[in-house]
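All chains should be modelled from the sequences, with the hints used to inform the complete structure.
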Amino acid sequence: MTFILSLVVGTLFAGAAYLMLRRSLVKLILGLVLLSHGTNLLLFLMGDGVVKGMPPFVDEATGVTPTVAADPLNQALILTAIVINFGFTAFILSLAYRTNQAVNSDDLDDMVETDRL
Amino acid sequence: MANHLFFPLLVPLLSAVLATLVGQRRVIARSIALAAVLFDLGYSIWLLFAVGATGRMVTQADDFAAPFGISLVADGLSAIMLTLTSIMMLVTVLYSFSTVSPYRERYYYYPLLLLLLFGCGGAFLTGDLFNLYVWFEVLLVASFGLITLGGERGQLEGGLKYVVLNLMGSTSFLIGAGLLYGVAGTLNMAHLAERLGTLQQPGIVTAVAGFFLFAYSSKAGLVPVFFWLPTSYHTPTVAVSALFSGLLTKVGIYALYRVFGTVFQRELERYGTLILVIAALTMVIGVMGAMAQVNVRRILSFHIISQVGYMIMGLGLVGVAGLAAGILYMVHHIVVKTALFMIGGTAEYLAGTGELKQMGGMARREPILAGLWLLASFSLAGLPPLSGFFGKLGLIQVGLDQGQWLMVGVAAVVSLFTLFSMLKIWNEVFWKRANVDQTAMPRASALLIAPSALLVALSIAIGFGASPVLRYSRYSAEQVFNTQSLVQDVCGPAGCDAVTSTANNQ
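These protein sequences, in sequence, are chains A and B. Heads up: the first sequence at position 45 corresponds to 45 in my numbering, and the numbers run straight through without jumps. So my numbering is basically just the index in the second sequence, starting at one, shifted up by 1000.
Since the hints were made in silico from the structure, they are not lab data. Quick reminder that beta carbons are idealized off the backbone N, C-alpha and C, glycines included. Hints may contain errors.
Simulated coverage check for chain A against chain B, where a stretch passes if three residues somewhere in it have a Cβ under 8 Å from a Cβ of chain B [stated by the list, open to error]:
| no. | region |
| --- | --- |
| 1 | 3 to 10 |
| 2 | 55 to 63 |
| 3 | 76 to 89 |
| 4 | 97 to 103 |
Next comes the structure, spelled out in structure tokens:
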């Protein structure tokens, strides 16, 4: 499972890099989205391996903690990262929309006004 | 337990909420912002002295024992950064009163400033690596709002590049934090420092440290990931770019100091030479980039990049002495750079343009502004007895002690070029005869000049009182490198691993 997921992470990163190197603004944003998905999956893999069907709950009756359980911390990390990325994606989409209105183009090479001498 | 460490976070956050609710009434929003910033300033000055007297202050969020919960840690470096942030914020708020358009003020300018203060405070106080990531995002999103507020074409274009390149850096930070958790099983900085020293596979940690170096470099504007800076910093209103010039890149430097000084000490030795090479390239490329520019704030933006190189040089000269010199330089730089942006920005505001060709005659019209410019630019170039001289002297002394001749040579030559660029602005903006009709140009009011005068006075004060500042930066640098006492302060005398193993046995 870990191996397959690592391949998925790599594919997501590769796709993100490809999309971000294109000149289109929309593809740039899609690339950023893929990049954050890849990162979230990478965080998911960083516990003590991928554990299935073993929630990290303390048994209420006996008070025993399970010896093998899914790591709750990196799930919390992913949740935080998802929320942050969601907010940023919303922001950058609206920014891109306004930029598109102002520049009247989807081509990143047309957005050079602030770099000109 | 020093629970008062939450105050500099709660006060800006609650005031931001309050200022949002009453955002339509400018006077109330202004007074809320001013009150919150003044509180933060008073608190951080108190913290500066308290930390200097008693050492590190630690508190655990929600009383979860470290390393399980999130720790807030205030040491000398945090206190210095917090104080400087509050001073810069105060000056910016004062400057905003007379320069920011009512339209922007009504669209939540002050709440965004306060959220930026909130994010910076959190980044400087946290003792947890993932939490640092979250604080970075908080201050980033506030800065996104500030840089695009107004929605002019330049702001949108520059802002887009700023947003995208900073998100790349953040993602690299997140990847690094994730991998580090996989390697060490913790994200508390004290616990990490304890565990990374005894790890079986040091090679992986070196690779992971690379992610952090990339992430913080792109926040700090180091070569080769600085391109977001000169394309966006001259686009927002003057107050915002003055604040950003002093603060934002320095948050990246702070993170480099903190994470490489405390968590990745072994890696710092390994990366030391690379960091010095980056420092030299950053200095040279920044100063060369400035020469070609013909816009006041763009010249100054390129100089930020060049100056950041000096701070990284302090880190690259691995050790307490180098870091102390770097911290001293950072203190000087934040003050002077903000002053220069404000003075140059005021000239731009009065002339209605930032293009050097269309400006001029400012020395005759605004002699006080011109005098302040001369002082601040001499300080930036490093002329005694201003603060820049001692900042550079410290770095060059440490460099000579370590036999880094090339690095010292580059640092000295770059200072000369800095002076050249500053004199170019002086000639074009202040000294030459104006070639356009300036009779309708507004005069600078006292409220426009006072903030930058305050900063220039502070720079002179740091120059004359260099010895206590140097002593304090040395004290902070020692604290950053002293992981043993950090572990004891955060997790108790037995260390963090003792806490986790007791918890496992229960």
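Status of the hints after comparison with the structure:
no.	hint	in the structure
1	3 to 10	violated (count 0)
2	55 to 63	violated (count 0)
3	76 to 89	holds (count 6)
4	97 to 103	holds (count 4)
In terms of the numbered hints stated before, the structure departs from hints 1 and 2, listed from lowest to highest.
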